[in-house]
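Engineer: The lines below spell out each chain.
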Amino acid sequence: MAQLSFGQAVNNALDLAMSMDESIFLAGEGIGVSIHYDPNMPSHGLLEKYGPKRVKDTPVSEAAIAGLAVGASCMGLRPVVEIMFLPFITLATDMLVNHAGKLRYLSGGKSTFPLTVRVKAGVNFAAGCQHSHNLEAWLAHSPGLKVVFPSTPEDAKGLLLSAIFDPNPVIVIEEMGLYWGKGEVPEGDYRVPIGKARIAMPGKDCTLVCYGGATVTALEAAAILSKENIFLEIIDLRSLVPLDRDCLLNSVKKTGRLVVLHDATKFGGFGAEIAAIVAEDAFKFLKAPIKRVAAPDIPVPFSPTQEKFYKPSARMVVDAVKSITG
Amino acid sequence: MEPQLNLVRLKTMYEKMVLIRKFEERIIELVQEQGRIPGMQILANGQEAVAVGIIESLNAEDVIVSNHRSHGHLLAKGADPKYLMAEIMGKSGGVNKGKSGTLHLAVPEVNALMTSTVVGAGPPLAAGAAFAQQYRDEPNITVVFFGDGAAAEGSVHEAMNLAALWKLPLLFVCENNCWAGAQSYSQHCSIGNIAQRGIAYDMPGEYVDGNDVEKVYDLAVSMTDYCRKGKGPALIEAKTYRMRGHGENDHQHYVDKEELVFWTKKCPIGNLKEKMLKEGLITEDELQVVETVSKAIVDEAVAFADESPFPYAEEALDDVWVK
Ligand SMILES: Cc1ncc(C[n+]2csc(CCOP(=O)(O)OP(=O)(O)O)c2C)c(N)n1
Ligand SMILES: [Mg+2]
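Chains as they are written, first to last, in numbering that gives the first Met the number 0: chain A, 0 to 325; chain B, 0 to 322.
None of these hints come from the bench; they were simulated from the model.
Please read these numbers as outputs of a predicted model, since none were measured by experiment.
No residue lacks a Cβ here, since even glycine has one placed at the ideal position from N, Cα and C.
Incorrect hints may appear among the rest.
[As the list claims (entries may be wrong)] Derived contacts from chain A toward chain B, CB cut-off under 7 angstroms, selection only:
#1 29
#2 34
#3 58
#4 60
#5 62
#6 126
#7 248
#8 297
#9 302
Bound conformation, chain A alone (with noise of 0.2 angstroms):
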């Protein structure tokens, strides 16, 4: 084990997957060289050892990032590329959405796409909505692409890991504000399956879905409720496609509660889905109504004041576990 940063944690895959094999390599907008001179960039020093060939600084071109990846990857190299922000996958969806997720099927199963996409995503920047905007409901929702949105620095490298090694395309969603936040990392080819979720901690009361950021603001409202004598059973989903059902469920059959909570819009959010599989799979293991925590359906203002608002609270996680656990 070792206390790696986020940022280092995916640095760290990435620099061993790239000692793995050699038809990995990596492209993006300032991968090689970035403004940010920061250990905790998930890039950093990747140029360096590895070279220009292998590390891609590429033009301002989402679009050509991503069909490269989809393109190079049939020729059965592993492309790992990075979109910037996530609200920039917008650019990318036509190679994403049409031809990472069609172009195997369409060919009957005879092609694959071992791609891997990683994408940072964040509310907390000041950067307003057209750099803050979580998507991964819009990516969820397309047959074909894996989607994983780690919350540790552990399940970073051992998602990432699984991720590249994966045959099909993954698009890994990293929350920047994590980069700087250590934790355990197990040393080696660490690997996190993909479609397995985590118990980030277990309780009678009430589960609580969520994954990436979010996680954090459940630690602290499970904080909050403990000392209330409220016990939630945090479920860090790690993996939204595919995602852990028996997970989910079975922890809903011992709760009988359940709150889903994400930092993106509520409305077509993913919480939905959890809330649609919970309805038609738990149903009579429920005591009180599913709630769901999210962001009003609004684009993410910039005022600080606003921007705090948006973004969903331990405070109104709390708010919600209380409204059925009563």
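For chain A, the structure is supplied; the task is to place chain B with the ligands on it using the hints.
Structural biologist: Only chain B with the ligands this time, still in chain A's reference frame:
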């Protein structure tokens, strides 16, 4: 044009460049006073002559579309520094009520119609604005500012082809400041001059020293005249430099210090000032007045922004839809 008129215009352009510089220098100070300004600040320090030279050739009714490096464009177009500063500080008195901050400042009341921080989004948006002008037989044109980095986005190529095909009254202004993030021009662009792209779309394309406001203005006059006559779009590439790095959190560890020294000597404001003094076009006293006036304008803007409260949290819910 009469020499007298020329001189008046030159002094106006000088004043505007100084105002932009002082406005952004104040932002730097506010950033350094922790907490005064939220988010990252992206400044056009060193690029003032492009904004001012181009916009000086426009009428008030002409439209501009801007990008993440917008302060100069907006001030040159006549946006009120008070409301800009308040917006940049996230205050309710800001030009966009605190919803935008620095990155997407739009001031439609002065025809600074739209601003996008999504690189390469401006040109298609501007094609739409120019289409509306053509559709209504207006005599006005649209100008879109975008970076050398943006020129690599597919959206920019699509907009150029469409505008040329439909002969839209649209002037593309590429501010080539030698960098896109930490990638230098030659690391992200395959051709020597982005102006050459004009040939590909059958529109005039010319480059100009973007640090020489007179040259920028002269080329803008002939290009806007072309667009206004209904001949179609045109492309100007203004060669300039991003003096403070990508944003205020960029310490330019990857930039050759000699390159910075070279461009510091090409300061668009300093050089114009020297030239005007040498040729006896302006006196030291007049220069002092320009400094004092622009400082007062910026002081007033900051005072206004300081007094303006932060918006109420719940007001975040407003302005999504027309009610
Ligand atoms: C679609 C998109 N991709 C990436 C970014 C991140 N980004 C912001 S500015 C920038 C560089 C743009 O370079 P250029 O167009 O030359 O403008 P400059 O910053 O030099 O003024 C990048 C990559 C973005 N805002 N939008
Ligand atoms: Mg540039």
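Engineer: For every hint, state whether the structure bears it out.
Structural biologist: Right, here's what the structure says about each hint:
1. At a threshold of 7 angstroms, the smallest CB-CB gap from residue 29 (chain A) to chain B is about 5 angstroms, leaving the interface hint in force.
2. The beta carbon of residue 34 (chain A) comes within 4 angstroms of a beta carbon in chain B, closer than 7 angstroms, and the hint placing it at the interface holds.
3. Hint status for residue 58 (chain A): holds, given a least beta-carbon distance of 4 angstroms to chain B, under 7 angstroms.
4. Checking residue 60 (chain A) against chain B: minimum C-beta separation of about 5 angstroms stays under 7 angstroms; hint holds.
5. Taken as an interface hint, residue 62 (chain A) checks out: its beta carbon lies about 5 angstroms from the nearest beta carbon of chain B, inside 7 angstroms.
6. Interface hint status for residue 126 (chain A): upheld, as the beta-carbon distance to the closest one in chain B is roughly 6 angstroms, under 7 angstroms.
7. Hint status for residue 248 (chain A): violated, given a least beta-carbon distance of 35 angstroms to chain B, over 7 angstroms.
8. Interface restraint check: residue 297 (chain A) against chain B, minimum CB-CB distance 5 angstroms, threshold 7 angstroms, status holds.
9. Using the Cβ-Cβ criterion of 7 angstroms, the hint placing residue 302 (chain A) at the interface with chain B is satisfied: the shortest such distance is roughly 3 angstroms.
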